[in-house]
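Assemble chain B onto chain A, guided by the hints.
Chain residues, written in single-letter form:
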Amino acid sequence: MAMDVVDYEIFGNDMQYVEVELDPGEAAVGEAGAMMMMQDGIEMDTIFGDGSQQQSGLLGKLLGAGKRLVTGESLFTTIFHNESQSKRRVAFAAPYPGKIVPVKLSDVGGTLICQKDSFLCAARGVSLGIAFQRRLGVGLFGGEGFIMQKLDGDGLVFVHAGGMLMRRDLQPGEKLRVDTGCVVAFQPSVDFDIQYVGKLKSALFSGEGLFFATLTGPGRVWLQSLPLSRLANRIIASAPAAGGRSVGEGSVLGALGGLLDGDND
Amino acid sequence: MIAKARLFGDGLPATGESAVVKIVGATLLVQSDSAQHRAGIDSLRLRMVGFDESGIEFSWNDVDGSRAVQVLDKESVQALLARPELASSPQWLALQSGNRRNSVRRFFGWNVVAVIVLLPALLLLAFVWQADRIAAAAASRIPIGQEVELGDRAFAGMAASLHLLDSGPDFDAVAALGQKLTHGSKYRYRFHVAKADVVNAFALPGGIVVVNSGLIDGTRTAEELAGVLAHEIQHVELRHSLNAVVKQLGLQGLWLLITGDAGSTLAGSTVLQLTSLKFSRDAEEQADAKGFDTLVANGIDPRGMIDFFDVMAAKEQVSPPELLSTHPTSAGRKRALAAKQASLQGRSFEPLSLGFWPPRE
Numbered sequence: 019m020a021m022d023v024v025d026y027e028i029f030g031n032d033m034q035y036v037e038v039e040l041d042p043g044e045a046a047v048g049e050a051g052a053m054m055m056m057q058d059g060i061e062m063d064t065i066f067g068d069g070s071q072q073q074s075g076l077l078g079k080l081l082g083a084g085k086r087l088v089t090g091e092s093l094f095t096t097i098f099h100n101e102s103q104s105k106r107r108v109a110f111a112a113p114y115p116g117k118i119v120p121v122k123l124s125d126v127g128g129t130l131i132c133q134k135d136s137f138l139c140a141a142r143g144v145s146l147g148i149a150f151q152r153r154l155g156v157g158l159f160g161g162e163g164f165i166m167q168k169l170d171g172d173g174l175v176f177v178h179a180g181g182m183l184m185r186r187d188l189q190p191g192e193k194l195r196v197d198t199g200c201v202v203a204f205q206p207s208v209d210f211d212i213q214y215v216g217k218l219k220s221a222l223f224s225g226e227g228l229f230f231a232t233l234t235g236p237g238r239v240w241l242q243s244l245p246l247s248r249l250a251n252r253i254i255a256s257a258p259a260a261g262g263r264s265v266g267e268g269s270v271l272g273a274l275g276g277l278l279d280g281d282n283d
Numbered sequence: 040m041i042a043k044a045r046l047f048g049d050g051l052p053a054t055g056e057s058a059v060v061k062i063v064g065a066t067l068l069v070q071s072d073s074a075q076h077r078a079g080i081d082s083l084r085l086r087m088v089g090f091d092e093s094g095i096e097f098s099w100n101d102v103d104g105s106r107a108v109q110v111l112d113k114e115s116v117q118a119l120l121a122r123p124e125l126a127s128s129p130q131w132l133a134l135q136s137g138n139r140r141n142s143v144r145r146f147f148g149w150n151v152v153a154v155i156v157l158l159p160a161l162l163l164l165a166f167v168w169q170a171d172r173i174a175a176a177a178a179s180r181i182p183i184g185q186e187v188e189l190g191d192r193a194f195a196g197m198a199a200s201l202h203l204l205d206s207g208p209d210f211d212a213v214a215a216l217g218q219k220l221t222h223g224s225k226y227r228y229r230f231h232v233a234k235a236d237v238v239n240a241f242a243l244p245g246g247i248v249v250v251n252s253g254l255i256d257g258t259r260t261a262e263e264l265a266g267v268l269a270h271e272i273q274h275v276e277l278r279h280s281l282n283a284v285v286k287q288l289g290l291q292g293l294w295l296l297i298t299g300d301a302g303s304t305l306a307g308s309t310v311l312q313l314t315s316l317k318f319s320r321d322a323e324e325q326a327d328a329k330g331f332d333t334l335v336a337n338g339i340d341p342r343g344m345i346d347f348f349d350v351m352a353a354k355e356q357v358s359p360p361e362l363l364s365t366h367p368t369s370a371g372r373k374r375a376l377a378a379k380q381a382s383l384q385g386r387s388f389e390p391l392s393l394g395f396w397p398p399r400e
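Going down the list, the protein sequences come from chains A and B.
Okay, so the first sequence: first residue is 19 according to our numbering, each after it adds one.
Okay, so the second sequence: first residue is 40 according to our numbering, each after it adds one.
In short, the hints are calculated from the structure, not lab data.
Quantities reported herein were computed from a predicted structural model and do not represent experimental measurements.
Heads up, incomplete: computed chain B residues facing chain A, CB under 8 Å, no partners named:
1. Phe-47
2. Gly-55
3. Gly-89
4. Phe-90
5. Glu-92
6. Ser-105
7. Arg-145
8. Trp-149
Even for Gly, the Cβ is constructed at its ideal location relative to N, Cα and C.
For reference, chain A alone in the conformation it holds in the complex (with noise of 0.2 Å):
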């Protein structure tokens, strides 16, 4: 499979987007809603599936198509291709706060487990497949659902995820337990599992839950600091037209004290 080798910068702290440099005829895959702004000279083409060779037919493209229903992203990617005479760029923007990590397929084996919904870019030739959580207990309770997202090929993709992104490198044996939903993507080698917080305290008052992640390895993973979903339940508690409390913006004076303000929202 011919895979494109694209350049690339990622611009921004917390709230990041990538630029890709694609030189004559090269071609990026893009999830779709993720491209922020593109150079003349780059044609952009919607296609069904995934854009890898290994679809072709109509039923190969109608199961890539169905696999990328099930992990949560859109029907159609968009191809971005290069069709001037000189290096044009692309730029795609992650959809809520946190980092992009580029991740060279090839270094990794050729796979990557990555969280659903996780994938922004990649370079041409990297398909989008499925893989499924056998074991019940890490369905139910790893955090990261029965579905997850496999990357296979040899190039560059990107894969964005909420707060701050650490990269481990585990050694053959070594486990690291984590939190559940921090998990962000990892090698296959890895094995990933889950394992009881071990007393009925802890469970009940330790804000952890009844179970870690467990990556044990050998191989690399990548975690998150702050899932998606912990960042939107804090806002939403936080809102008050949602219903929540309003922290930090009272005085002594209570609900006068928020009229007093001039803040009306």
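Quick look at chain B alone, frame taken from chain A:
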């Protein structure tokens, strides 16, 4: 036979090195980008790896430290297992029995989840299946007073759209036959004739029986009219419409419980539906049989009831097959009644005479 693999270990990059693996005799040969490794199969530790646990990891220790090589893709795993040196090694056999235990556990686990997910649906099915019986049990606890009230309310709601003809020979005939068939009943019956050409009659809970003038015109003898009345009266006596209402209410409530969808107000719509209610096939056949018995007990020739099905059959030339319809076809009901008639063994009845009815032209 060369399997693609990835080699991990001390001094190697954490993401591993690409490698190829092959089994030569009792030795595992690993050729990585940087070096060649070999290990005796009997010294290997085996483990299932990969996201769907279809890959194999071989690990061992050599002079440089620990080494682990993973074969993840299915064809390569199959190719390696084709070697008897590996397939019959004690490590692989132990791993396989563990796998089997695991898959049995997993099978049970998934089934438990399936049951939990399907349980509400199964409950609903069970309720629907036994709905008639449950509804009848619930309906039997409703006192007659309330039943009468329910019927009266329904009748009051529809009386405006009915053109009632509550006088004249037709009405008198219906009332006289009705009295004859209902004496001794715990219900107080009220009979009405409605001006409508449709061959139809219906009964409301509590003892209201309405006969269309079109039906009366269709009858040829007093026995036929008595047959129709006997049938409708049994709907009241057997509380068919009450059961149907309770069933409907129960199912709606159950549906509400499962879907959480309040929909429209329950009770109001149900009273309205009372008028367009269709009885089940069982209810119709039951009313036929009981009505037949009432006729016989009152000394009225039940052949009139049977004959009247010819009038009905003429009206339903185009009808769906019996199984699809909630109403059994007239032919089917007629057959059932004819069988009952045969069991009377030629008992003779005096012709029913009302004197003034049916009017002779």
